[in-house]
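A.B. asks: Add chain S to chain C, keeping to what the hints say.
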Amino acid sequence: MHKIEISNVSLTYNDDGTVYNALDQMNFSVEPGEFVSIIGSSGCGKSSTLSILAGLREPTEGQYLIDGNVSHGTGRNRGVVFQHYSLFPWMTAEGNVAFGIRQAFPDTTEKEASDIARGYLEKVGLAGFEDKYPYQLSGGMQQRTAIARTLAMQPEILLLDEPFGAIDARNRILLQDLLLDVLGKEKEQKTIVFVTHDIDEAILLSDRILFMDQKHILEEFQVPFSRPRNRELIFQSQEYIQMRQALLSCFFRGIREKIGGEEVYL
Amino acid sequence: MMTATLQEKKRIEFSWPAIRTMQWFVPHVLFAVLLALIFTPGADDATPKGPFLAVLAIGEAALLLRRDSRPLSDVMTILFLLFIVWEFGTTKADDVNLILYPSPAKVFDVFATDWQKILDGIRSSMYLLGVGFTAALTLGVLLGIVTGSVARLRDSLLPLAKVISPIPPIIYTPYAVAVLPTFEIASIFVIFSSIFWQIYIQTALSVSSIDQKLLDSAKTMNLSAAAMFFHVLWPYCLPNIMKTLPLSVANAFMVLTAAEMIGATSGLGYFVRYYADFADYTRVIAGIFLIGIVVSALNYGIAELERKVVRWH
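So the protein lines, in turn, are chains C and S. Counting along the first sequence from 1, when you hit position 33 you're at 33 in the numbering used here, and nothing is skipped either side. Start counting at 1 in the second sequence, then tack on 266, and there's your number in the numbering used here.
One chain only, chain C, in its complex shape (with noise of 0.2 Å):
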């Protein structure tokens, strides 16, 4: 299990010579085993924090750091599930997913990484779709078998990137389930960054909430549920109802600031 440091970073774009600040001396750890959500609303900075933490762009200032090492570019420790849109179109479920086995294993032969592919989209709920093509998958679908193959990949560290926001009401409420069944069946926990702008997401799933606004994280949440957890019971629960209070206050005063004056009610 890995330790995720990002200290004092900053990323500024230049898009045709326009410099534009994306991230601002931005700090905040995640724990070996932990579960973070990264919470705030569009434009936050949210998604460039993920884009950094999985090595896609590297800070314009200050480091990140993996178990006190300053990371450079992608690496295998690190499984990234973006919003939609990552499978491999020309391969069906289960080539998508064995693909994924055979680069982060290359000893695996074709035979062998496709029953664990097969393994993989069971766990998810895709038995009997192994030889579909994306194009043949529900958006919902599509998106298991991007997390089959992501953590089938096996890495210490798992990224998603609003992995469920392109998907219909009922599908994400499965999705959420289906991500708390398999991460609790795994044998060994993962470090987890989860970026999403659902409130009620965030608190189902993570161990510990960062709100993000103005580029950097503004607040931090401890989450008091404990694991397993259970939809019906979490939301009828009073501390629930008060951290939802508490994050909502946040986007508030955030759009508070930004229309410029403390009497707006919304």
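Source of the hints: derived by calculation from the structure; they are not laboratory data. It is possible that some hints are incorrect.
Below, simulated DSSO-like cross-link-like pairs (lysine-lysine); rule was C-alpha separation at most 30 Å, straight line [to be verified]:
1) C:215 x S:485
2) C:132 x S:574
3) C:111 x S:574
4) S:485 x C:185
5) C:123 x S:485
6) C:123 x C:185
7) C:3 x C:185
8) S:485 x C:111
9) S:479 x C:3
10) C:215 x C:132
11) C:132 x S:509
12) S:479 x S:428
13) C:215 x C:190
14) C:3 x S:485
15) C:132 x S:485
Every value quoted in this text rests on a predicted model; they were computed, and no experiment measured them.
C.D. replies: For chain S alone, kept in the frame of chain C given last:
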């Protein structure tokens, strides 16, 4: 009110089946007319009628086998009509110059008598086409993927390619034939250049427009360079490349036959030019038919290949 409309509809529809069934008879009637024409004595009774009759029989057999295919029925109607005009115009009309306007029986007879030469021609043309095509495809895809994925190459090479590519290769075919040591090399070169640019530009553009999300996903999977090339970039470009292939083949064939007409000693283009020199227009027309058949067969092959290879749409 409702019933009245339904009845009316029924009456209208009732009149249609009659016409529809009649339609099915049209090509068969035309076939009979053709047969009658062929066996009526005329200007060209010496030529063996076997090959022409065989072609007609194949058409009629296809019609009988695929009785439910309306397009086939329509196509055969048109073909039989054309044959009737051709047969009548060349053998039954007065004062026809049979050298300039050979009868269908004469033209199809060429396939029966010259089949050896025809096969040699196809083999020779296919060899040049195959070598040029394979080279253009391999290099075009390789260089295209490299160009498309490196911004600096893309910005410098693509504009150049766009200037060079529109020059029709036919224009420099005579020069290539004159400059290059053998005709074989010259024609492979012009075939190559008639296809290469299209595939190269298409591939480079495909790669440079690849979905960033797909690329990010590939990057986070830590793909090796080889896996990136063969399992991501190549399959990503493949459908686009397959779409340009029929046009490429047509272009290549055009250039090939043009080249063969200049300097070859065998091949389909050579076949046509050689007999044109002797004013043997029967063989010239047969050669033109042959080229049409070969190109169609190639395009059919490509379409089948595309169906087999690109299964993810």
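A.B. asks: Indicate, hint by hint, whether the structure satisfies it.
C.D. replies: Hints, verified against the model:
1. C:215 x S:485: Distance of about 25 Å is within 30 Å: holds.
2. C:132 x S:574: It holds: about 16 Å lies between the C-alpha atoms, which stays within 30 Å.
3. C:111 x S:574: 23 Å, holds
4. S:485 x C:185: 28 Å, holds
5. C:123 x S:485: 25 Å, holds
6. C:123 x C:185: 10 Å, holds
7. C:3 x C:185: 21 Å, holds
8. S:485 x C:111: 25 Å, holds
9. S:479 x C:3: The given pair, whose Cα atoms are some 27 Å apart, holds under the 30 Å limit.
10. C:215 x C:132: Violated, because 41 Å separates the two Cα atoms, which is more than 30 Å.
11. C:132 x S:509: 24 Å, holds
12. S:479 x S:428: 28 Å, holds
13. C:215 x C:190: With Cα atoms ~26 Å apart, residue 215 of chain C and residue 190 of chain C stay inside 30 Å; holds.
14. C:3 x S:485: 22 Å, holds
15. C:132 x S:485: 24 Å, holds
When held up to the earlier numbered hints, the structure conflicts with hint 10 and nothing else.
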